[in-house]
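If you're matching them up, the sequences are chains A and B in order.
For what it's worth, our numbering labels the leading residue of the first sequence as 287, then goes sequentially.
For what it's worth, our numbering labels the leading residue of the second sequence as 3, then goes sequentially.
For the record, the hints were derived by calculation from the structure and aren't laboratory data.
C-beta atoms are modelled at their ideal positions from N, C-alpha and C, and glycine is treated no differently.
Mixed in with the good hints, there may be bad ones.
Unchecked claim - Stretches of chain A that chain B covers, calculated by requiring three or more beta carbons in the stretch to come under 8 Å of a beta carbon on chain B: (1) 533-543; (2) 576-585; (3) 762-772; (4) 820-833.
Said to hold, decoys possible - Every beta carbon over 12 Å from chain B, so not counted as near; a handful from chain A, in silico: (5) Asp362; (6) His375; (7) Cys484; (8) Glu623.
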Amino acid sequence: MGEILLKNAWVIDPISGINGELMDIAMDGGRIVEDVSGKAEVIDAQGFLTLPGGIDSHTHTSGTKVNFGRYMSPEDMRAGRTQKKGPMHITSGYSVPTTYGNSYKYSALGYTCLVEGAMAPLEARHTHEEFAFTPLQDSFANALFDGNWGMLGAIEEGDIKRTAAIIAWTLSAVKGFAVKLTNPGGTEAWGFGKNVSCINQKMPRFDITPTEIIRSAIEANELLNLPHSVHLHCNNLGTPGNYTCTLGTFDLVPDLNDKRQTLYATHVQFHSYGGSGWSDFSSKSEPIARKVNMRPQIVIDMGQVMFGRTTTMTADGPMEFNLYRLHHDKWSNHDVELETGSGIIPVNYRRKNLVNSIMWAIGLELALLVESPWQCLLTTDNPNGAPFVKYPEIIALLMSKKYRDAEFATVHQDTGKRVPLPAIDRELTWHDIAVMTRAGQARALGITGVGKGYLLPGAEADIAVYPMRVDDIDPAQQYEEVIKGFSQTEYTIKRGRVVSRRGDALIHGENTTFWVKPEVPPEYDMTHDERFKEHFERYYSIRMSNYPVQEEYLHRNYCIRTETDL
Amino acid sequence: MIVEDVPCPFCGCLCDDITLTVKNNRIVGVENCCVLGNAKFLSKKRLKHPIMRKDGAWVEVSFDEAIEETARILTGANRPLLYGWSGTYNEAQVTAVHLAEELGALIDSTTSVCHNPSIIAIQEVGHPGCTLGQVKNRADLVIYWGCNPIEAHPRHLSRYSTYADGYFFENTVRDRKVVVVDIRESETAKIADEFIQVKPGGDYLILSALRAMVRGRGDVVPATVAGVKKEQLERVVEACQNASYGAVFFGLGVSMTRGKYKNIRNAIELVSELNRKTKFTISAMRGHYNVYGFNEVLTWMAGYPFAVDFSRGIAFYNPGETTVIDVLARKEPDACLVVASDPGAHFPKTCIEHMAAIPTIQIDPCVNPTTALCQVQIPVAITGIEVAGTAYRMDGVPIRMKKVVETEFPTDKQVLDRICERVRELNGNG
């Protein structure tokens, strides 16, 4: 982490208001600085496109269900094997690579921060163990609260402060970064094989509805002043006609925060379906995008589907079971006591399948119809819609109508009757892509304050240099150049060190885990709450004292302390 | 000194509510523990120094010499085998995988000789499972199949299953039904509401009959299946379908008997089928306290839960070929490192003979049957008593093991780190 001078960088840095300027970037001690001495190592960026390091705000790379996806899928492990090379370890896996595999491949794409989308608090230690072996990216974990008995009980009592206190205790205990709700109410119902249909159905065990869970979690999240908003996987994922449920959910969201959105809705492609069944299944991206355009307090990510094999994995246990009943392939399920569920099945999205073709179109439509790129971020919900290695192709599809049309000609012939995609002419710009892959994520996650997502002095020196001269490429026509350029950085710089060059990791690296610790007054510290303790000891299968993730699991870490309004 | 909430480093239950009394750096009292864990906490026997065979006799050597000899043997081998791992912590297992990668070795764990077929079945059809607290709070029907937890996992019933206090029960003893399937009337069978005594080797047939009945095709089931009357199977199917939550636990009695992974596959498919009617989960009764931890570590590092061969420069997995028993039976390994397990007590004779014929090294706190096969043994600190580190319970819940007494012995991780470092130097990668 000595001095580096990156010269001749053609920079797009949306947060700093830089849109295509040739600049020199000085780095020292892992941060971007005003200037460096003559002794600095000089790297010539050759006028290549230079962006802040990529940030994936919703991916599944680490933890219990990800690892079970590997465990149950030797066929996927065989589909992606690499040898030792320099500091790089052996890796396995295509859609669910081993931890080193994830880290090297993401680094080659210029990514320097990853948010694990769903961590079951009881099994948080596992996620943190895998973070330690994902060394080239900083890590953030969304902790699952959708079926948290303590929190649901407090919501049932109408006690918003207790709700917030339980979230605060749990997040600090499991070293989580944000509040994740996956099919709120549904995962708890799945404990007895049930589900909830949409936001207004009462849960079987608690006298509340998903509406109350979502509203209360949002309110509690803001009481705790957490950097990120509530991160929601809506109810009813994947079912025809679910877009009404998604619209209803978006209508619940007040505008409570002037720095960022109040709700982050993830993989919205999977929640934008019309029709009453599979036979009249259709895209409802238009009403969804219209709603997002009208409500600046909402940020979504795409959850783009790309054709080919992948592995689906989510805390949404009942949804995975439904998917299993459609696909009849292998099915794993892992319910987590008092907290959440999960399921995994392998899938193959096929161009010749009408439903799959419509799903593919919907993700793109959302990105093209949502006016502000800050409100629709680029993801595949890796690996659910597709493995993240497909990101360059998605970028190219969004930048080129010609490429979309060429691809559209290869999908199921009836797709055109069910989706608006062919009628959309918009082509996203380099700046839009920079927003949708890093700047937007940094702002939505609330981590610009810790130096993420921009390239001015003071920022963390996380930088991606792509071997493309933007002035020489017309992305609308030369989409193959765009794919190639985004597939492999010339340099990926992490915390002021070149960690990856032309696809190869150069050093072992060491990640930083970011987690939050809301500072609550003593009367809201659940560690000393008799009722909370008694409930814990009685119904969990481990002791409360053994639940918190110890400091030993964090290695390098950055604790974001928040002042709360409790 | 009283230390509370200590996780027990014995079986896959990983009970984390043990209270220890420590006096003068010794454990003198154990509360809440079963007889198996109790014996481990209070055990005093151990090997005091590293030992090496020289001219046919054991001699005490320094740690430096034992580690140097180990690195030399492993580096000089063409086909090194690294085996064991279920009785140590994840952090040491991670080093083991790095060592295997550096050596181009074959690495396998005790899983290979216990739930190996269960994992193969899971790789074919998946695994509808849960954490143990789900069973504790919800299961009104518990089925123990080919396992005998009263003797092998003594606190499983009271902490997690049959007798555990649960949210949805007023009285767990009264409100939970227990079914046991076994070839003999085990201690666990004696507490069952329904004991299915199956003829040895008949599990696959019974599972197929139950599946047929669940699918409404009871008409194809004969009057007796593997020694079990059809009426009894009908009663069990009815109980399954009427349960709010059924939990199946299975052991080696079904995974390691005739049919092997086919039995487990059938059981999983029965459970998947039952999920169309009600809620059902299935779980393996894992043996060693951290056997599951090694499966997890090897999976996130290399992609597979056991039996990984690094000799081709990539992670290669093919049970039946890269599994420890098969590779030893073919007499392939020319050096073997055994850590935290005791193959000398469990492996077939031909495998043991081969281990004795090649340089075999053991890292283990105690003298055991494997010692007799070895050229070198390095004693280490005992995980969960003298060393803190991560272990995974049989259901995948990770728990941090505690250090309760001080020790002079190095940890598994320290010894493996030094071996790994020395191997890198000898390989010119230092």
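Hint check:
| no. | hint | result |
| --- | --- | --- |
| 1 | 533-543 | violated (count 0) |
| 2 | 576-585 | violated (count 0) |
| 3 | 762-772 | violated (count 0) |
| 4 | 820-833 | holds (count 8) |
| 5 | Asp362 | violated (8 Å) |
| 6 | His375 | violated (6 Å) |
| 7 | Cys484 | holds (22 Å) |
| 8 | Glu623 | violated (3 Å) |
The structure is inconsistent with the numbered hints 1, 2, 3, 5, 6, 8, although it conforms to all the rest.
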